[in-house]
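Participant: Go by the hints and put chains B and C onto chain A.
Protein chains in written order, with my numbering: chain A, 143 to 648; chain B, 2 to 312; chain C, 365 to 642.
Hint data in this document are derived by calculation from the structure and do not stem from the laboratory.
Below 30 Å or equal to it, Euclidean Cα-Cα: the simulated DSSO-like pairs (lysine-lysine) are:
(1) A/Lys308 to B/Lys54
(2) A/Lys322 to B/Lys54
(3) A/Lys322 to A/Lys308
(4) B/Lys12 to C/Lys532
(5) A/Lys288 to A/Lys595
(6) A/Lys322 to A/Lys347
(7) B/Lys218 to C/Lys532
(8) A/Lys322 to A/Lys281
(9) A/Lys520 to A/Lys440
(10) A/Lys228 to A/Lys288
(11) A/Lys308 to A/Lys347
(12) B/Lys54 to A/Lys534
(13) B/Lys54 to B/Lys72
(14) C/Lys532 to B/Lys227
(15) A/Lys477 to A/Lys440
Given next are the chains, with one letter for each unit.
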Amino acid sequence: MNYAFRKMLFAATVAISSAPNIASADGVSISIAVAENPQQLDPMRSANAPDILLHGQLYARLLHRDSTGALSPGLAESWTISEDGKTYVFTLRDAVFADGSPITAEDVVFSLDRTLNHPESAYPAPLSAIESLEAKDAKTVSIALKSPNAPFLGNLEVFNASIVSKTDVEARGEEEAFAKPLSSGAFMVDSWDRNSSIQLVKNPKYYRDGAPNLDSIEYRIVEDANTRVSLLKAGEVNAVEGVPYANIAELRDAGFEVPLEASTKTQIILMNHDNPPFDDVRVRQAAVMALDRVAIAKAVTQGLVTEVANSSLPGALNFHSQDDAALPYDPAQAKALLEDAGAVGAEVTIIQVSGSQVSQQIALLTQALWSQVGLNAKIEQLDSAAFRTRRKTERDDWHAAPAWYYNETLDPDLAVRWAVCGTCGSNAFHTGYRNETVDTLTEEALSETDVAKRAELYAEIQQISTNEVVHIPLYYPPFTNAYASDVEGLFMTPAFQWTLEEAKRK
Amino acid sequence: MIIQLIVDRLKQLIPALLGVALVTFLLVHLIPGDPVALLAGDRASPETIAAVKTRYGLDQPIVVQLFYYLKNIAMGDLGQSLRFRIPVTELILQHLWPTALLMIMTILITIPCAIILAALAASHQDRPLDHAIRAFSVAGIAIPVFWIGIVLARIFSVQLGWFPVAGFGEGLWDNVYHLVLPSITLAIGIVPVLARNLRASLLEMMEADFVTAARSKGVPESYIFKRHVFMNALIPNLQLFGVIVAFLFGGTIVVEKVFAIPGIGQLLISSILGRDYYVVLGLTFFFAVFTMLVMLIVDLVSMLIDPRLRS
Amino acid sequence: MNALAIPMRAVRQLPGLFIVGFVITFAWIAVAILAPVLAPYDPDAIAFDALLTAPSPDHLMGTDQLGRDIFSRVLYGARVDLFMGVVGLIVPLVIGVFLGLLSGYFVGWTDTIIMRALDITIAFPFLVLVLAIVAVLGPGLSSYFVALALVAWVPYARLVRGQVKLIKQTDFIAATTSLGFGSTYTLIRHVLPNCIVPALVFAVTDFVLIILYGSSLGFLGMGAQPPTAEWGVMIADGQTYLSTAWWISFFPGLALLTLGVGAALLGDGTAKLMRVER
Numbered sequence: 143m144n145y146a147f148r149k150m151l152f153a154a155t156v157a158i159s160s161a162p163n164i165a166s167a168d169g170v171s172i173s174i175a176v177a178e179n180p181q182q183l184d185p186m187r188s189a190n191a192p193d194i195l196l197h198g199q200l201y202a203r204l205l206h207r208d209s210t211g212a213l214s215p216g217l218a219e220s221w222t223i224s225e226d227g228k229t230y231v232f233t234l235r236d237a238v239f240a241d242g243s244p245i246t247a248e249d250v251v252f253s254l255d256r257t258l259n260h261p262e263s264a265y266p267a268p269l270s271a272i273e274s275l276e277a278k279d280a281k282t283v284s285i286a287l288k289s290p291n292a293p294f295l296g297n298l299e300v301f302n303a304s305i306v307s308k309t310d311v312e313a314r315g316e317e318e319a320f321a322k323p324l325s326s327g328a329f330m331v332d333s334w335d336r337n338s339s340i341q342l343v344k345n346p347k348y349y350r351d352g353a354p355n356l357d358s359i360e361y362r363i364v365e366d367a368n369t370r371v372s373l374l375k376a377g378e379v380n381a382v383e384g385v386p387y388a389n390i391a392e393l394r395d396a397g398f399e400v401p402l403e404a405s406t407k408t409q410i411i412l413m414n415h416d417n418p419p420f421d422d423v424r425v426r427q428a429a430v431m432a433l434d435r436v437a438i439a440k441a442v443t444q445g446l447v448t449e450v451a452n453s454s455l456p457g458a459l460n461f462h463s464q465d466d467a468a469l470p471y472d473p474a475q476a477k478a479l480l481e482d483a484g485a486v487g488a489e490v491t492i493i494q495v496s497g498s499q500v501s502q503q504i505a506l507l508t509q510a511l512w513s514q515v516g517l518n519a520k521i522e523q524l525d526s527a528a529f530r531t532r533r534k535t536e537r538d539d540w541h542a543a544p545a546w547y548y549n550e551t552l553d554p555d556l557a558v559r560w561a562v563c564g565t566c567g568s569n570a571f572h573t574g575y576r577n578e579t580v581d582t583l584t585e586e587a588l589s590e591t592d593v594a595k596r597a598e599l600y601a602e603i604q605q606i607s608t609n610e611v612v613h614i615p616l617y618y619p620p621f622t623n624a625y626a627s628d629v630e631g632l633f634m635t636p637a638f639q640w641t642l643e644e645a646k647r648k
Numbered sequence: 002m003i004i005q006l007i008v009d010r011l012k013q014l015i016p017a018l019l020g021v022a023l024v025t026f027l028l029v030h031l032i033p034g035d036p037v038a039l040l041a042g043d044r045a046s047p048e049t050i051a052a053v054k055t056r057y058g059l060d061q062p063i064v065v066q067l068f069y070y071l072k073n074i075a076m077g078d079l080g081q082s083l084r085f086r087i088p089v090t091e092l093i094l095q096h097l098w099p100t101a102l103l104m105i106m107t108i109l110i111t112i113p114c115a116i117i118l119a120a121l122a123a124s125h126q127d128r129p130l131d132h133a134i135r136a137f138s139v140a141g142i143a144i145p146v147f148w149i150g151i152v153l154a155r156i157f158s159v160q161l162g163w164f165p166v167a168g169f170g171e172g173l174w175d176n177v178y179h180l181v182l183p184s185i186t187l188a189i190g191i192v193p194v195l196a197r198n199l200r201a202s203l204l205e206m207m208e209a210d211f212v213t214a215a216r217s218k219g220v221p222e223s224y225i226f227k228r229h230v231f232m233n234a235l236i237p238n239l240q241l242f243g244v245i246v247a248f249l250f251g252g253t254i255v256v257e258k259v260f261a262i263p264g265i266g267q268l269l270i271s272s273i274l275g276r277d278y279y280v281v282l283g284l285t286f287f288f289a290v291f292t293m294l295v296m297l298i299v300d301l302v303s304m305l306i307d308p309r310l311r312s
Numbered sequence: 365m366n367a368l369a370i371p372m373r374a375v376r377q378l379p380g381l382f383i384v385g386f387v388i389t390f391a392w393i394a395v396a397i398l399a400p401v402l403a404p405y406d407p408d409a410i411a412f413d414a415l416l417t418a419p420s421p422d423h424l425m426g427t428d429q430l431g432r433d434i435f436s437r438v439l440y441g442a443r444v445d446l447f448m449g450v451v452g453l454i455v456p457l458v459i460g461v462f463l464g465l466l467s468g469y470f471v472g473w474t475d476t477i478i479m480r481a482l483d484i485t486i487a488f489p490f491l492v493l494v495l496a497i498v499a500v501l502g503p504g505l506s507s508y509f510v511a512l513a514l515v516a517w518v519p520y521a522r523l524v525r526g527q528v529k530l531i532k533q534t535d536f537i538a539a540t541t542s543l544g545f546g547s548t549y550t551l552i553r554h555v556l557p558n559c560i561v562p563a564l565v566f567a568v569t570d571f572v573l574i575i576l577y578g579s580s581l582g583f584l585g586m587g588a589q590p591p592t593a594e595w596g597v598m599i600a601d602g603q604t605y606l607s608t609a610w611w612i613s614f615f616p617g618l619a620l621l622t623l624g625v626g627a628a629l630l631g632d633g634t635a636k637l638m639r640v641e642r
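Looking at chain A on its own, in the form it has when it is part of the complex:
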């Protein structure tokens, strides 16, 4: 309240003399217009996209992933893995939090334990292999796993394996501590006008020498995509997240970079397997074959994406099999399958998040193409809160839903658990798909340490789940971020983090 009053007073008095133009902060700064509103800076409490992007900047993790995607030592200087692959011992480097207090093994244990065991933790899955955590001494952490776990090191780099200060969180209390968190990462929060902007400044105590290059980052929350594009064109921001496909050509013509960064995203149509007619595999297969997916991908992306997704798993992941498994466009066959299943003329409801051009177009195209083979679809738009509730809990009231998902790492384990496994707590991304072989293979693949064998197992999972149509894979969308030409080294990694640490201004 004080702050707001001071701001008003300031506005009313002092600033009368201030220059009318954007006074840039001292030093080198980048301003990014983002679509969505960050709400939780506590890495344990949220797995929402806008929050994840900030967690990555505010906190360091045991391992570090550079802009090429390679894993390297982070807060952990070195580590050893026991012969049986079940015990990891990490030795921490001499790093400190932004207030100068040392980052200790206690902090590491505290942070990982919160994410893993706190009853309110939003997404413990990446660390679920951990049996126990122990601080051997101030600089040594020992982690015991339930079973060997191939992607474990990579999972220690994801956003909610972030290291926070135990002392600080306990001293200030959780809410206070994460309203203005104590940073262990490259940047720290300078000010946060909730619902409108966040100012980050360089953390001078950050452990990586020479990083970051930038002194500050302005994060502007601009919901409207047109406004974001206009801000970039007028030079008021240096980068824009999520440019609509329709604006890409226009921005490129105006000299902006829109690189279409590879992502681990996959654009899909969820199907509700708990509800007829999509409980019948023949109807699901008919639903895929009725869709001209190439035409859909081209139409939705303005011709920028021309390849369809070949399977139920994101194409950018390790071990992704190139063998085309998805069923081809074949309306005649689709009709035959529907007749076979006695589902001709079935009524289905497509639910769709309002405000998303992409999902609306997919819903409309699907509706039109399905009607040609005898599936009558009705579209219902819901805002995202209602959409999520419907999808998860009101299972009788929907049949299909355009959606997308991404994976935090390049290892397929988490993606498989999220999207196709029926016993991993995700209900196979709310589809209700259940295949015991897939479920067993998921666990087998996780503890398999032989790379070639893992690849085979994932190929099999991919093959089965795609053929049984866990969901309809459409295409692998790139990130459509745009940058002013004087921004260097800034992009979004496939695993959905900005490379702000390396970014520069020319």
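Facilitator: This is chains B and C only, laid out in the frame that chain A set:
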């Protein structure tokens, strides 16, 4: 007389506010969707969501929640934002100034424009100027606000670079500078409504019996217009103006979105979409008090202009 | 004499603009009725080989991002929008005028109750209450109508009440009452015709506003559900394409504009006729 009215109105304020609080509370809780499921992200398990709900008191029966809410309001506490975990009052105050300034600027643009246009149109009835003004005002009504905003921003900010594209800036002059296009956008939507009605009332009053009577007595036309026609035409329009000021708030929601102004309209929409119950309730409450004050002022001014209403 | 019985003298004095308004409005009504005959394409038919094509002889107003023919959609949209404007307008108008009459004419508790209900309704931000009601009832036009009936009567009630209070002062009402005519007779025969003009003028404006608010709802995903061709939703959908395919939102915008102008001119003319008659 006037003091009596103010006292009466303030007495009526309390039941009205209670009504507003009740209706909003039930309404927001009836909307499907779960704030905690949104907050934690799609990957959170039902157990996690249940744990967070318990901590926020959202697992209680709705009647119990309502009871606590009313109790807290009575003690002047609007509660905490579910999304940001800061007091609702703090959040509202933080977003108040941009919206207040936007509304002030819009009204400052609207009133003179509406009066001048209406007076010109009425005094040139059925001549080209009248037609032109009416055509403009009809066109102004029929264009969606967001459309005007986007086009103005494209022309004056992106092409010509005269004004900022979006945002609010720092410092009063910078704030005003940022709000020029947004307030013009809003005014384009409102001036026509007011101007049209004012014109209609003016024309009607010009033909009223007492005006004809005054004319027949040889009272100068300009005096008649100022003293009789204009003042009498103003009264129904003042009422409309009050309604429009209240409606303006709805308009700011759209304009704040287009121009990314960090005001309470934006806050309200994002709070509804995020099911941030106490922020929605707090804002509605705040708005209710504001509207009732506007209406009170409108009634007071009407009385001052027209003694007949005092009875 | 009935207020709506237009004497010949007034018809002869009809201003040209009124006739223009009449013609435009009825042209749109005709378009709405004849849409299936006039439209060259199915308004919902998707064409992958004709995405975002500029206006041409094949597609008079071009096609949208799904290859749908804008011209056909604009024609069909007239049905949806006229329906939305008329239904959305009539219910609040009737409620508002009725309550305004009662409130202005009968002082005392009738007035108090109506004014308190009005205070509570008006104390909500319009769009918010509509949004909330639509969110509760589920998105779609029928929810919008319910929301309008609950919210949009307010301006009419206020306008009519203000007028009634003024008219009550005038001599001829006092005369009717003293002649022993009942309240109902006086209200309908004398007060209503004399106080309805501002309400009708506002109603014409409101007709367009109701369509625009419907478009704002469409913008927020709570209006007419896809693939319904509704002008407001079409304008909102096209905004992404403003710089690359202007025709997507331009033509529905133009349609809305012409209908708005037509309706407003018609409304002005009507108001004038009623004054002339009185």
